[in-house]
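Peer 1: For the protein sequence lines, the chains are E and S, in the order given. Using our numbering, the first residue of the first sequence is number 1, and each one after it goes up by one. Using our numbering, the first residue of the second sequence is number 1001, and each one after it goes up by one.
Do not rely on the hints blindly, as some may be mistaken.
Here are the simulated BS3-like cross-link-like pairs (lysine-lysine), alpha carbons at most 30 Å apart as the crow flies [said to hold, decoys possible]: (1) K3(E) x K38(E); (2) K38(E) x K1057(S); (3) K38(E) x K16(E); (4) K1013(S) x K1057(S); (5) K1001(S) x K1057(S); (6) K38(E) x K1013(S); (7) K70(E) x K1001(S); (8) K3(E) x K1057(S); (9) K70(E) x K38(E); (10) K3(E) x K70(E); (11) K1001(S) x K38(E).
Since the hints were derived computationally from the structure, they do not count as laboratory data.
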Amino acid sequence: AQKVTQAQTEISVVEKEDVTLDCVYETRDTTYYLFWYKQPPSGELVFLIRRNSFDEQNEISGRYSWNFQKSTSSFNFTITASQVVDSAVYFCALSEARETSGSRLTFGEGTQLTVNP
Amino acid sequence: KAGVTQTPRYLIKTRGQQVTLSCSPISGHRSVSWYQQTPGQGLQFLFEYFSETQRNKGNFPGRFSGRQFSNSRSEMNVSTLELGDSALYLCASSLGRVRRFYGETQYFGPGTRLLVL
């Protein structure tokens, strides 16, 4: 069975600091998809990135970057020069490539990020 | 394009009652999934619907049910409410393909906060 672990329950930083959110996953499949979502206090999950298991290239989008390492089953997320608006709960999620799984997402526990001014 | 919409946004019920939540997916999306979010259990998958058929189901009791209409709108129903059903219920939509539909990006609505007294 698949599992996602986000060991950092809460992280608190000061604005402009860089911060990395860790995500470790478990799956028996060779083909799978990894996601990051952001959940602000309003509750809605905001999609950030989707990565398939065959694409290990790191990705950068503005202040956000993602480091995918199959060897360690990790998909870490870094925010550079954090801002107060980055304060939210961040979820890492896994979707297996099986007809029986559909688009079903298995989520980690989430990391509460607080950026202080 | 309008995002995923959910109604109502907030709901208070008493034990033993039943409740129906509604979700309208992004225009053109044919797959709808439901998730329950609680502080203790985190984000858990309830079920996924495509083309008016339940395609995938999570590990929830039969009191939780859903359906999808021909316009892809979906409803979920919880009968005989229990205190533990208090949660944020999130609906997500994805494009929905007939084949190889796994791993699609899901876009979430704002959720319905249900409080059971």
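Peer 1: Keeping to a limit of 30 Å between CA atoms, is the pair of K3(E) and K70(E) held or broken?
Peer 2: holds (15 Å)
Peer 1: Please work out if K1001(S) and K38(E) have their alpha carbons no farther apart than 30 Å.
Peer 2: holds (20 Å)
Peer 1: Does K3(E) pair with K38(E) here, judged by a C-alpha cut-off of 30 Å?
Peer 2: holds (19 Å)
Peer 1: Can the restraint linking K70(E) and K1001(S) be considered satisfied, given a maximum Cα separation of 30 Å?
Peer 2: Violated, at roughly 35 Å.
Peer 1: Check the hint pairing K38(E) with K1057(S) against an upper bound of 30 Å on the C-alpha distance.
Peer 2: holds (24 Å)
Peer 1: Is the Cα-Cα distance between K3(E) and K1057(S) 30 Å or less?
Peer 2: Measuring from Cα to Cα gives roughly 17 Å; hence the hint holds.
Peer 1: Has the given pair, K70(E) with K38(E), been kept, meaning a C-alpha gap of at most 30 Å?
Peer 2: Distance ~23 Å between K70(E) and K38(E) Cα, so the pair holds.
Peer 1: Against the 30 Å threshold, does the CA-CA distance of K38(E) and K1013(S) hold or violate the hint?
Peer 2: Distance of about 29 Å is within 30 Å: holds.
Peer 1: So if I understand the rule, the pair passes when the alpha-carbon distance is 30 Å or less; does K1001(S) with K1057(S) pass?
Peer 2: With a Cα-Cα distance of about 28 Å, the restraint between K1001(S) and K1057(S) holds, given a limit of 30 Å.
Peer 1: Please work out if K38(E) and K16(E) have their alpha carbons no farther apart than 30 Å.
Peer 2: holds (19 Å)
Peer 1: K1013(S) and K1057(S) were given as a pair; does the straight-line alpha-carbon distance stay at or below 30 Å?
Peer 2: holds (25 Å)
In this structure, the one hint that does not hold is number 7.
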